[in-house]
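There are 2 protein chains.
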Amino acid sequence: MTVYPECVELTDVCLRDGLQNLETPIPTEEKIVLAEKLIEAGFNSMELCSFVSPKWIPQMADAANVVETVKKLDKAHKVRFIALIPNLKGMERAVASGVDAVTYVISVSERHNINNVNRSCAESFAQIKELKKIQPQEMTLCLALATSFGCPYGENISPECVLNAVRTGLEFGADEIMLADTIGAANPAMIERVLEAVLKFLPPDRLKLHLHDTRGLAMANYLVAAQMGIYRFEASAGGLGGCPYAPGATGNAASEDLNCMFTEMGIKTGVNQEKLLKAVAYIDSILPGCTTSSNWKRISGAPMRISCGA
Amino acid sequence: MTVYPECVELTDVCLRDGLQNLETPIPTEEKIVLAEKLIEAGFNSMELCSFVSPKWIPQMADAANVVETVKKLDKAHKVRFIALIPNLKGMERAVASGVDAVTYVISVSERHNINNVNRSCAESFAQIKELKKIQPQEMTLCLALATSFGCPYGENISPECVLNAVRTGLEFGADEIMLADTIGAANPAMIERVLEAVLKFLPPDRLKLHLHDTRGLAMANYLVAAQMGIYRFEASAGGLGGCPYAPGATGNAASEDLNCMFTEMGIKTGVNQEKLLKAVAYIDSILPGCTTSSNWKRISGAPMRISCGA
Numbered sequence: 107m108t109v110y111p112e113c114v115e116l117t118d119v120c121l122r123d124g125l126q127n128l129e130t131p132i133p134t135e136e137k138i139v140l141a142e143k144l145i146e147a148g149f150n151s152m153e154l155c156s157f158v159s160p161k162w163i164p165q166m167a168d169a170a171n172v173v174e175t176v177k178k179l180d181k182a183h184k185v186r187f188i189a190l191i192p193n194l195k196g197m198e199r200a201v202a203s204g205v206d207a208v209t210y211v212i213s214v215s216e217r218h219n220i221n222n223v224n225r226s227c228a229e230s231f232a233q234i235k236e237l238k239k240i241q242p243q244e245m246t247l248c249l250a251l252a253t254s255f256g257c258p259y260g261e262n263i264s265p266e267c268v269l270n271a272v273r274t275g276l277e278f279g280a281d282e283i284m285l286a287d288t289i290g291a292a293n294p295a296m297i298e299r300v301l302e303a304v305l306k307f308l309p310p311d312r313l314k315l316h317l318h319d320t321r322g323l324a325m326a327n328y329l330v331a332a333q334m335g336i337y338r339f340e341a342s343a344g345g346l347g348g349c350p351y352a353p354g355a356t357g358n359a360a361s362e363d364l365n366c367m368f369t370e371m372g373i374k375t376g377v378n379q380e381k382l383l384k385a386v387a388y389i390d391s392i393l394p395g396c397t398t399s400s401n402w403k404r405i406s407g408a409p410m411r412i413s414c415g416a
Numbered sequence: 107m108t109v110y111p112e113c114v115e116l117t118d119v120c121l122r123d124g125l126q127n128l129e130t131p132i133p134t135e136e137k138i139v140l141a142e143k144l145i146e147a148g149f150n151s152m153e154l155c156s157f158v159s160p161k162w163i164p165q166m167a168d169a170a171n172v173v174e175t176v177k178k179l180d181k182a183h184k185v186r187f188i189a190l191i192p193n194l195k196g197m198e199r200a201v202a203s204g205v206d207a208v209t210y211v212i213s214v215s216e217r218h219n220i221n222n223v224n225r226s227c228a229e230s231f232a233q234i235k236e237l238k239k240i241q242p243q244e245m246t247l248c249l250a251l252a253t254s255f256g257c258p259y260g261e262n263i264s265p266e267c268v269l270n271a272v273r274t275g276l277e278f279g280a281d282e283i284m285l286a287d288t289i290g291a292a293n294p295a296m297i298e299r300v301l302e303a304v305l306k307f308l309p310p311d312r313l314k315l316h317l318h319d320t321r322g323l324a325m326a327n328y329l330v331a332a333q334m335g336i337y338r339f340e341a342s343a344g345g346l347g348g349c350p351y352a353p354g355a356t357g358n359a360a361s362e363d364l365n366c367m368f369t370e371m372g373i374k375t376g377v378n379q380e381k382l383l384k385a386v387a388y389i390d391s392i393l394p395g396c397t398t399s400s401n402w403k404r405i406s407g408a409p410m411r412i413s414c415g416a
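Chains as they are written, first to last, in the numbering used here: chain P, 107 to 416; chain X, 107 to 416.
If you are wondering where the hints come from, they were derived from the structure by calculation, not from laboratory data.
Keep in mind it's a predicted model, so treat the numbers as computed, not measured.
Backbone N, C-alpha and C fix where the C-beta goes; we use that ideal spot for every residue, glycine too.
Watch out, some of these pointers could steer you wrong.
[Said to hold, decoys possible] What the simulated footprint calls covered on chain X by chain P, stretch by stretch (three residues with Cβ under 8 Å from a Cβ of chain P suffice, anywhere in the stretch; the number is not a length):
{"hint": "1", "segment": "290-297"}
{"hint": "2", "segment": "315-323"}
{"hint": "3", "segment": "326-336"}
{"hint": "4", "segment": "364-377"}
[To be verified] If the Cβ cut is set under 8 Å, some of the chain P residues that face chain X in the computed set are:
{"hint": "5", "residue": "D281"}
{"hint": "6", "residue": "N293"}
{"hint": "7", "residue": "A326"}
Please model the entire structure based on the sequences and the hints provided.
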């Protein structure tokens, strides 16, 4: 039988990545209720917000408030709270908020980086040094490498490109690396090629994977990564976010799909699926039609009868 | 690197499994147009209809007409046309129609078989002998084992149960076996356990897999099967069908997802993805909101920009 990790670490990114592209800001109170439900479900790692200018992303204007309130909900201090930061200003706010970790994004694709953060990759890497200067010792700095499995502008992303970015990031002081499939372009063979290269320089405990389900391949891709010993994965409750196009269309992989797959395979996740589905149901109630959860609602119904079918 | 088959055989089941649960019959002319588009896309195996009583499934009342017309479209005689048959009467009609293969369904779950076809499993198996009596030499009889990975009524389905059904089916004269995940309950570890048992008695060329995407795990499940040397898979264009609940909800795995995964991994399928997506677009035009194809429509658009996100 294929060997898989005994347990995996799932980070839910719904509160940041799931919400950030929504035009209408969600009230802070609703974010707090959602966070409570996700903590109750058992996630011990959650991305809560991004410390980005409210001019760019009004949805995240309440970031400091969200972190402060949610931290109080985690009475057992067992959850690792993460915030995304785009720059030094964001890092300052993240430090002040007391999050456990920050995610800083650089694209492997030069063109995507320029379009995304208006800087060259070299400028973005150089900024890690500035971030390090004010990083508290107990805080983790995760470098997320966007477009690790494909660039929307057609730039060729080889395993060597990814490996170079990983090595540069580590040299500049990133504590851990996250490979992100920003446009959902990965396939299982590509995942294997890229991870094979990266694992030569980085042990699995310092490596995370953030995959999108744009073409329905996220679970197959996560599975192959798990076969290679990767065990730290990001996903979004309800499959919310990750896609600036249509509401309800598939961008981020759904935490409930990922938790289902691993749990049913006998791999420990620490996340209770029924409670997670309650969190997803809550998202459905405040953001109707925005999740990919129709399947889950359906199979909780009565047994189905399929006439003469297989 | 993990070894995969060099090429896989994809059977599209949209015209039978995709349509059969729709209440309003699709005009024969539209079925023919769809068949033409699927042939044009490159499928060399297609399930066209079921020869079932029109009283049960009015949608399939034109089965003989569909087969006769579609066969003429396949000028190069390269497509294997399949029909589902529930009983001897269906087999007689299938033989008269000249399809290349028939699929006969028995559930591994006794209770599901009784609910599905109103017979015990033993009665269903015994009927294979009757079918064999009129089976032309050039026709293939495929036994589809429904509920091979889970029963909607809670009956325990172990790998041994599946293996017993496989052996019984072969003893009664089935030419090939298809394992069906009728309710989308499979996970990659279960797929591996069941296939490991079955492959001891049956080579991959006589084994097919028909998986549902109810919980988003179909691609991961197909992938694991391919890692074990399985290469004959069924799926439905647009993910149509396989679920009697909500339109557009996920039942059958989508042929375009499966073709994407294998093609992008460098595994030959013979199916052209762009042409397949044209067939799916046609389904969308005649059955709005019934497919799972929103993703594919989306990624054919302009490059996306994700602000400060990974």
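Which hints from the list above does the structure break, by number from lowest to highest?
As far as the earlier hints go, only 5 is violated by this structure.
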